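Engineer: Use these hints to put chains B, C, D, E, F, G and H onto chain A, whose structure you have.
Chains as they are written, first to last, in this note's numbering: chain A, 1 to 252; chain B, 1001 to 1252; chain C, 2001 to 2252; chain D, 3001 to 3252; chain E, 4001 to 4252; chain F, 5001 to 5252; chain G, 6001 to 6252; chain H, 7001 to 7252.
The calculated label-pair distances, taken between Cβ atoms and stated as ranges, are:
id : chain 1 : residue 1 : chain 2 : residue 2 : range
1  : C       : R2086     : G       : S6078     : 40 to 46 Å
2  : D       : D3018     : B       : S1015     : 17 to 23 Å
3  : G       : S6054     : C       : R2086     : 44 to 50 Å
4  : G       : D6091     : E       : G4060     : 33 to 39 Å
5  : E       : V4088     : H       : S7015     : 51 to 57 Å
Derived SDA-like pairs: lysine to any residue, alpha-carbon spacing no greater than 20 Å straight-line:
id : chain 1 : residue 1 : chain 2 : residue 2
6  : B       : K1247     : A       : G248
7  : F       : K5104     : F       : Q5066
8  : B       : K1247     : A       : A249
9  : F       : K5247     : E       : A4190
10 : G       : K6112     : G       : G6043
11 : A       : K247      : A       : S111
Looking from chain A toward chain H, a few residues come up when the C-beta cut is under 10 Å (computed):
id : residue
12 : Q57
13 : V226
14 : D229
Rather than coming from a laboratory, the hints here were simulated on the basis of the structure.
All of these numbers come straight from a predicted model, not from anything done at the bench.
Each residue gets a CB set at the ideal place from its N, CA and C atoms; glycine is no exception.
There are 8 protein chains.
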Amino acid sequence: MLEEVLRQVQDGRLSVEDAAKQLATFENLGFAKVDHHRKRRQGFPEIVYGEGKSAEQIIGIAKALQAQNHEVLITRVSREKADQIRIVCSDYQYDSVARLLFWKHADNRESKLNGYVAVVAAGTSDLAVAEEAAVTAEVLGSSVRRFYDVGVAGIHRLLHHAEEIQQAAVSVVVAGMEGALPSVVGGLVAHPVIAVPTSVGYGANFNGLSALLTMLNSCASGISVVNIDNGFGGGYNAALIHQLINKGAAGL
Amino acid sequence: MLEEVLRQVQDGRLSVEDAAKQLATFENLGFAKVDHHRKRRQGFPEIVYGEGKSAEQIIGIAKALQAQNHEVLITRVSREKADQIRIVCSDYQYDSVARLLFWKHADNRESKLNGYVAVVAAGTSDLAVAEEAAVTAEVLGSSVRRFYDVGVAGIHRLLHHAEEIQQAAVSVVVAGMEGALPSVVGGLVAHPVIAVPTSVGYGANFNGLSALLTMLNSCASGISVVNIDNGFGGGYNAALIHQLINKGAAGL
Amino acid sequence: MLEEVLRQVQDGRLSVEDAAKQLATFENLGFAKVDHHRKRRQGFPEIVYGEGKSAEQIIGIAKALQAQNHEVLITRVSREKADQIRIVCSDYQYDSVARLLFWKHADNRESKLNGYVAVVAAGTSDLAVAEEAAVTAEVLGSSVRRFYDVGVAGIHRLLHHAEEIQQAAVSVVVAGMEGALPSVVGGLVAHPVIAVPTSVGYGANFNGLSALLTMLNSCASGISVVNIDNGFGGGYNAALIHQLINKGAAGL
Amino acid sequence: MLEEVLRQVQDGRLSVEDAAKQLATFENLGFAKVDHHRKRRQGFPEIVYGEGKSAEQIIGIAKALQAQNHEVLITRVSREKADQIRIVCSDYQYDSVARLLFWKHADNRESKLNGYVAVVAAGTSDLAVAEEAAVTAEVLGSSVRRFYDVGVAGIHRLLHHAEEIQQAAVSVVVAGMEGALPSVVGGLVAHPVIAVPTSVGYGANFNGLSALLTMLNSCASGISVVNIDNGFGGGYNAALIHQLINKGAAGL
Amino acid sequence: MLEEVLRQVQDGRLSVEDAAKQLATFENLGFAKVDHHRKRRQGFPEIVYGEGKSAEQIIGIAKALQAQNHEVLITRVSREKADQIRIVCSDYQYDSVARLLFWKHADNRESKLNGYVAVVAAGTSDLAVAEEAAVTAEVLGSSVRRFYDVGVAGIHRLLHHAEEIQQAAVSVVVAGMEGALPSVVGGLVAHPVIAVPTSVGYGANFNGLSALLTMLNSCASGISVVNIDNGFGGGYNAALIHQLINKGAAGL
Amino acid sequence: MLEEVLRQVQDGRLSVEDAAKQLATFENLGFAKVDHHRKRRQGFPEIVYGEGKSAEQIIGIAKALQAQNHEVLITRVSREKADQIRIVCSDYQYDSVARLLFWKHADNRESKLNGYVAVVAAGTSDLAVAEEAAVTAEVLGSSVRRFYDVGVAGIHRLLHHAEEIQQAAVSVVVAGMEGALPSVVGGLVAHPVIAVPTSVGYGANFNGLSALLTMLNSCASGISVVNIDNGFGGGYNAALIHQLINKGAAGL
Amino acid sequence: MLEEVLRQVQDGRLSVEDAAKQLATFENLGFAKVDHHRKRRQGFPEIVYGEGKSAEQIIGIAKALQAQNHEVLITRVSREKADQIRIVCSDYQYDSVARLLFWKHADNRESKLNGYVAVVAAGTSDLAVAEEAAVTAEVLGSSVRRFYDVGVAGIHRLLHHAEEIQQAAVSVVVAGMEGALPSVVGGLVAHPVIAVPTSVGYGANFNGLSALLTMLNSCASGISVVNIDNGFGGGYNAALIHQLINKGAAGL
Amino acid sequence: MLEEVLRQVQDGRLSVEDAAKQLATFENLGFAKVDHHRKRRQGFPEIVYGEGKSAEQIIGIAKALQAQNHEVLITRVSREKADQIRIVCSDYQYDSVARLLFWKHADNRESKLNGYVAVVAAGTSDLAVAEEAAVTAEVLGSSVRRFYDVGVAGIHRLLHHAEEIQQAAVSVVVAGMEGALPSVVGGLVAHPVIAVPTSVGYGANFNGLSALLTMLNSCASGISVVNIDNGFGGGYNAALIHQLINKGAAGL
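Here chain A stands alone, though its shape is the one from the complex (with noise of 0.2 Å):
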């Protein structure tokens, strides 16, 4: 293909200037700028981790993005932080829950979206990785809705809301200790379940490993799993399963 396209610069069938574009499938790879393709190769603006980054490095960060219109999340990020970012950056909005720092276009405020995802979590303990999620896929232009404090040691809690679980586009489901509560949602369901293993617990949890090997080992179907604490993934995977569905067949 290559040559093919020389060729007919070659020949003066094809401008430089449209070559380029045509071998800019590779720019797609390699050449171009960040902040232009990623939204365009990945449906979303690059989303930023906080965590181990200063106040000025994500300003600028954050700055560069939002010049070019894009929505800006920050991820991990200590109230502290916020605080000295929102000095310059006085229209981003702060949770302090999910310790995300995001800037919204005034028009994006509401979801455009038909459904919802469901943001379910087993215990109180979970609830900082919960609302990441939720909070994420709020950022990304979905509509949540959260069921907390639903684990299995007390099934009806969960039975009680079968069904508005079963009628969300996708469900993110947060839990620590033994993470059992996917297995369940997963048998319930007839939509992808992204499970998110806490950190929550002690002695033999091992830092939330047990929740971990749970989800990966589940013998319902349509479970996938992220990190250990990463609501950040559960949001981001949600929002992108929900926004496809969404655009439906005609975006394939």
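Structural biologist: Okay, now just chains B, C, D, E, F, G and H, sitting in the frame of chain A:
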């Protein structure tokens, strides 16, 4: 709500049959036969895990499912067991690489869905797991495109197929050894990536643990992970998402 | 106390034989033959771990136990070894699923205890371990009700049997893969749950480690755990508790 | 059964209220408030896991439970948090070693059960976990005898108390480091032993893993295990068994 | 010291041969044949690890050692390999339980040392490892007393032999499963205990890891540990200490 | 034997007091006070593990031991706690590197044993553990020679001291990181090597696991291992062996 | 740069063929055949991992490589498979210890490089891995000197060869069990040491994990590590460095 | 050889001093001062591991090295400690990101080697480890080019720099999280890749274990691995290889 329904029955405003149906939302959660509800509740009929079941047991379950006009899919079936089963179930197909035994309606031979699932595999040794994913997705109604032997150690092999992978509805990415492929694919596409670690490798691979951890820690977004060697899980998740995208927002 | 007994012997107030019996409380701790005291000390006669013992060794031990009118229970016996042993011990029963070989008094065939032990198992692949638990409990004098293939991925299957499980004296809950079943059962019942993880599964199951950790981290109360695949341990604990409940407060 | 009940309502043979009660078997599994059913369903009222809950949240839950005349037990409460809570809940007791905060009916101060629970601990460093077990059992209605600092390295210390331990209804055995104590106790008694590994130790203790594995692999029968440092679990299981033995066969 | 020797050679005060012998202290560190110095340097001749060596290789090494009048001890030899070797080495003894092949001087048949090594084993399944320890110690010159099947679950069996074990020069304590025996023995004796974990057990035993960790974490003093199933290491250490005690302070 | 003693009492051949003493062999196993028998039974008085004990508790135990003229050794004592204790126990010595607090008889200041214990350490970071070993051995009556900073990466440093190490009665070899030093020392000496892994290092050192595994797998003979950072265990074992060698065969 | 090349083609300053060649830098990253570029890009032709490939597959790949005049090296080939392949590829050599099958140009039989690679192995059981390293380096153009059975337990054996190892261009050091050899070699030489852990050993060796961790934690500088049993990796790295040293600074 | 030298001394053909020098080849292995021989034996002077050493200790060692005109490099030095040391060593440089303190000859400020070392890092969080590698290589005489924030999730960022990385003499590739970067770089270059896993990440990253396993299992050739967070090891290996390539074949 329970008392309300009962009162309507008492008042003659509601027939016993209709009341039973209304309360059957609860049946949905407990008292129905497996077969009828699985497909309704979960989107796909029950899949049979063949490992540790005798040919006789499998034949029994398969016949029951087929009797209700469901597709049948049995995983992890050895050639010997498949041959035994096919003496009775002569119209079943067996895929010896994927070790899947299945039966499909004649009118489901062709996928009725728009788009395709990409199954991407790092090395030729990952073939069996990749095929388990691919054939599972096909049996569940998706069409599949395979991209094999495109591991990261020769990144050009993957990039060569980048565009075709990008246009898939969803990707299943299968890799053993260091398991880095899903991270690279995840960075190239705007759809969900289901990562399947395999136990291919030796030494510090620890039977797939290495690839599993790699995938869980991926710095690319939009990746979720299933169990080691769980090609079925990869294919099931992909087919589920593919189906939901085809249904579109109307299905929500 | 020691000197007191000695003084009574010296004074002729106590015969040597009676003094020996009184000091036999210490015998209880050390100097008695195994056979006599095990049943008195532990409630059940010595159980023989069959793995790694030859048929000859087992026959020897069994005959010795039987000679003192004790029930005999030998665990982890292969069919081959069982056949060899039964040439000599022709009145022994062998359960090939549970791999248990045992002999019971004719008048102990029927359980004399009120109530029953519930043995609950997640999948058909957990059957061997569940049967080891069930038959162990039966040999030790309990009657058992079995609830198999009621894993959490189809929670309605379990709920269907909830009432009958709730009325048991004690439950043994057997599960492999993610091992979530004991948590759900534990949340439904008012009696102790002995959780038995099995090595059923693959990949990140790590030969039962996944199920083991799940059970140890259960957020339900009233659950305790035995070793992976230790169906015997599950059945023994259940039978012990069942027996004590039948003895009631008078036994304390 | 569902349709039968409905038909009786239709026929006027059953009032709406009675039908609701009959169908409330299902409530038992799902539609009731937590508080009412936990004690009926599980034998004990809901226990509150205090870790990660604020003083305000705990006060709220405690007040709700107390309002319905239930005992209240909150685990893993620091002295600071306990002091805060007791400003409002001035009649609550706090055990600073066990880190338990609780409220009991005036007429439940004395145990009404025959017999006692033995709490046996290997070393003085295991004291906190042992006390969590002991006080939990006491709050739940058992009387407890403590046998501390009787580790296996000086086996005579344990043997000195053997008889008194043997006469208990059930034992909780707490040990860190090598965790061998439950095996020795398990070989001496005719009642269930709940083994509680602690994280006491260093180096290859791996935060209690060593003691946990020891206990799971015990060659003594009648032992089951709870999570590392889970004194509460040990006490709860013991109190549950103790209570059931007191109810006796009539309770089955 | 080097220059001093050289000067003596230069001065004729020392012959070349004697100088070479004196400098052989350095040979000790590098330039000598293995055979001559091992026994001088290490107290015992070289022991041959038989696993993975062919019968021919073993015969070669054995003949070389024997030629210099050293005892020969080869570990981990299968019966088949032993039979092959003994066609040539017809005066070698083979112990099929310990899987040891060895040759001793006729005048070393009886131990010349005062006292004995105690080899204590928990269960009959630990026999092979215990015998590897016992026979190793015997070949290296100790007399051995065996105390088998004295596991902690029936502590009276061990206590029955306490006095005889206490009078040994050193103990090797072999145990699988929970591996608690060395802790109890360590608390009873005033001599070193070499603890040998075995891989006997299943499930959370993890091939001996459980017993290994137990022994490393022992709260008894005077215990040190060798590798899992390393009966040879246990016997070698015991024989070494036994020999040194017999040499007494004069040997220092 | 029990009945024999009783009969002698009955016959007046044996006084009650003497019978009690004879039966006290059993006391030896159970009914004695800790203090009296530990030194007789174990060779050394009870050592106090200071971690997790208050200054008051330690003072109490120490006074009790000292009252019976025993040496006192308390391990893992922080400087703060040591200072508090020494207000009362003003004649105690504190070693802040080894974190040991101890009291010795004035006439035990000098070792009365022939020979010495070699304490060999790989790096300067292993100093604290090495000193815990060295001072422990000194308090228990040995004289000690220290060989520090002789790790295998500069093998000449070790070889320089080879002769002096070889002449020791026993070696304690302390190493972190890769933990290879005991293997090299073990290959040079004819006496027992007690290997002490330390948690010094980072990354794949896993808090001493690396060094521990290295030492357990040593291909040199005559090595046994204690827990990670267990300098006390190393010193205790060495002093015990050193003492027994000094007693010689007469002590057996 | 892309547009510049295109413009030169348009202007006729550059032929299509030359432009294609210049843009082949990109080909380098994606669109070229594997065979042509691997050797140019990586210094060595593609090596074939034989495990899990059929004789037919291997023959196909080998023929393709050979057709382009590349050396052929296939790893992990069993004797059976090698014999099958050599029916067709009759001029291939097979090394049954190293399990390598390879073909070299007649004029590459002798190494054309100055200096040599040292392959150093601890024990005779490490031979297969050491030979995989040695033969790999030879096939890739290095000459190799072997130093086997020089483990650290007899350090003099290694020191005897120190000078010759020091003069090598690079060392591959192979060791199982405790894996300490690379640390000692690393401390003796002024060139890179590639450490190869082997799975030789038992018990707490954990299939090579012990040796792997030892090598990663080495306190000697200049050591880097490859996977367990990865003799090929060791040989490849060594040959690569050896080749680059021979090219010298001119090659940079 | 030993006797030959001795005979020459005896014959007067060799002076004592010269003989000592010849035999000093052995000194090289044992009896020399560290400082003199390290640089001769290892190519670089001794590097000081600063962690756990006091400022005073470091000053002492540094002065000694400097006195002999060696470069000085101290790793893992905190800013506080560096400030203290620089009061005395005022001409030392401190790099606070790499936490390295060093002193170089004025005439070694510029690298005298051809070519450069590429230090490639995946994310900004890996910066500290990458800088430790880069500055180490620079202090040891290499020039370094840095390629940071080129992780595999945006593969185009890496490919953009491919050519410049390919032209390096050797690469150090630093990555945390999934650690996939070395595999991709390894597939692009014809020189050795030293892979450095970092502990950057969370959850199933397990403090760098994930990245470590990934790198050990890399399917690309020419990769070897150092310990987690061991930037120093990466830089040292790279500088060593870079130096040897510059010496070329003449140095062999």
